[in-house]
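Protein sequence lines, in the order shown, are assigned to chains S and A. Taken in order, the first sequence gives residues 1 to 476; the numbers are from our numbering. Taken in order, the second sequence gives residues 477 to 614; the numbers are from our numbering.
Read the hints as simulated data drawn from the structure, not as lab findings. There may be inaccurate statements among the hints.
As the list claims (entries may be wrong) - Partial list, computed: chain A residues near chain S (C-beta under 8 Å):
id	residue
1	Pro487
2	Thr489
3	Ile492
4	Thr524
5	Gly527
6	Asp553
7	Gly568
8	Glu574
9	Asp578
10	Asp587
11	Ser588
As the list claims (entries may be wrong) - With the Cβ distance kept under 7 Å, some of the chain A side facing chain S (calculated, not the full set):
id	residue
12	Gln520
13	Lys521
14	Lys525
15	Ala580
16	Asp585
17	Thr593
18	Tyr594
To be verified - With a straight-line cut-off of 25 Å between C-alpha atoms, the simulated DMTMM-like cross-links for lysine to aspartate or glutamate are:
id	chain 1	residue 1	chain 2	residue 2
19	A	Lys526	S	Asp12
20	S	Lys387	S	Glu135
21	S	Lys138	A	Glu555
22	S	Lys188	A	Glu547
23	S	Lys253	A	Asp535
24	S	Lys188	A	Asp604
25	S	Lys261	A	Glu596
Note that the Cβ used here is the ideal one computed from N, Cα and C, for glycine as well.
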Amino acid sequence: MFNKMTEINKIDENLYEIKKHGKMNVPIRIFSSEKILDMIKKDKTLEQAENMAKMPGVVSHVVVLPDAHQGYGACIGGVSAYDSENGVVSPGQCGYDINCGVRLLTTNISLVDFEFKRSAVLSEIYKNVPSGIGESGKIKLTDEQLDDVLNFGSKWAVENGFGISRDLQNTEDSGCIKTADASKVTPKAKARGRSQLGTLGAGNHFLEIQKVDEIFDKEIASAFGLKKDQIVILIHTGSRGLGHQTASDYIQKMERLYGFKNLPDRELACAPINSQLGKDYLAAMAAAANFAFANRQIITHKIRESFKKFFPKLKIELLYDVAHNIAKFEPFDINGKKTTLCVHRKGATRSFGPGRLELPEIYRKTGQPILIPGSMGTFSYVLVGTKKAEKISFASTAHGAGRVLSRTSAKANLSAEKLKAELKANDIEIKAGSIKGLLEEAPEAYKDVNEVVRVSHELGIGNLVARLKPLAVMKG
Amino acid sequence: MTEKTKFEFLPHTADIKFRAYGTTLNELFENIVLAISSIISKDQKISTKKGKMISVSGDDSESLLYNFIDELIYLFDAESFIPVKAKVTLMGFNLKAELFGDDAKNYKDLDSIKAATYSEMFIKKNKDIWTAQAVVDV
């Protein structure tokens, strides 16, 4: 629970500030409606944001996004930027699931045709995309191949037959972060990841077949290749055990070398960006991120194969692939000076507006697509990046709905029968490993994603383009 | 000590928080295995026909606990081993554990733990009972 004595000042519509106080180096900006702020105040989100603001070398302000909730060390839905010379890099602020992210595929299947074959398609995907929990994935990798996956990401996947070269253009960093170095990933992390490539994982990870339910911005939607009633597919997963172990390993290495006694939270272990250990982590993080890109790319390939069985004339294009948990070097205007910052996004989506050279050419005029999955069985959204986000939120916006109910209370307070009936009433078909897992991820356990994206749109840090309604869901 | 007082889960918005109890530190770490096992197995009955020996060290009690949980997660992900119970021998910040459990391939509907965390972690003794608290990322 947040200390009620700390003042939260409203500075604009949907924008709040906690002034620098105590050991904080910068203030906190909370991008939220009053309704969401009331929920955010109930857990440790703001306490964790204050700890982020106490970190050495943090620049300008800490950003708390409308889907923020308590994490470990740093809050989820939190962004902090560090000076690239004097700042630190902190694995706990990039998230354990390095490059947990989302990709959206568009199809040329009509709604009627899909609905006719929905159950069969869903079963086929369920068969071909393993959850990877207690079972191995179907891809066996040698040591050299695993290193290639880590160094080359989606590029490796496409070169080995899991996709087409157009997929690479439409992935953040072209699906291959060049600074990756497989030799910086520990043998332990590699052992965890070896059998997990091409697997979905459990928890909040899912696959959803959706229809474009509403278009808010016709021009941008058309540039993104979206139209009403189109069938699209959303994939939400990350770097699996390999990424988690990479974060754990480097948190341990950093606290051994630099200690943690001076840090506000042990989980925020960090190293100077330009130190050998800092550089090693960034190279290992990039390798784990590449593993995640390759993972989503291989799952894309499996989905194409599964659909092709039922729709021979099928075309599935990758609209975009975004990372939610990652640190990146990006140039920003700080007090009128162009400065390269190491932006840590944990449960946050990059929101680049028009004109950024980092974007694929087709999105340079519009700004980047932002993909925001709702909770299981609720709407997901496509937004577009803005110049304003670059000015006020380190080019970041929300990444999802954000939990409000713990997994234990979700299981204790929600009923499986009611959830199933609700999904059925909303015409959503589901395939899942277990009913307990379903309950943990029930819509009631999350903030209202509609409210989250409304706030993003009103603030102009990510503008509404289209709403997607789920038709079929697969959970690990 | 009854099953219920060996460990318990506490509410946490995003992840899983648990407390384990023990009259000795060895028993405390043995009961931590029960908590981790309960998460992974989703409370299914798992056979104890396989055994495994592990050694874990830490720089202090928290890092020992962190590394211990980290090792259990590793065994599940990399070696497909579900721990069910353990016999732990602790010496300072080093421990040896004989784990009993089974191959994950023999079961369906399991859950995975992404990582151990230091979040809200503590080990302390109150009267005659040791308590450990940890949050794991799921």
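Go through the numbered hints given earlier and state which of them the structure violates, listing their numbers in rising order. Violated: hints 4, 5, 7, 8, 9, 12, 13, 14, 19, 20 and 24.
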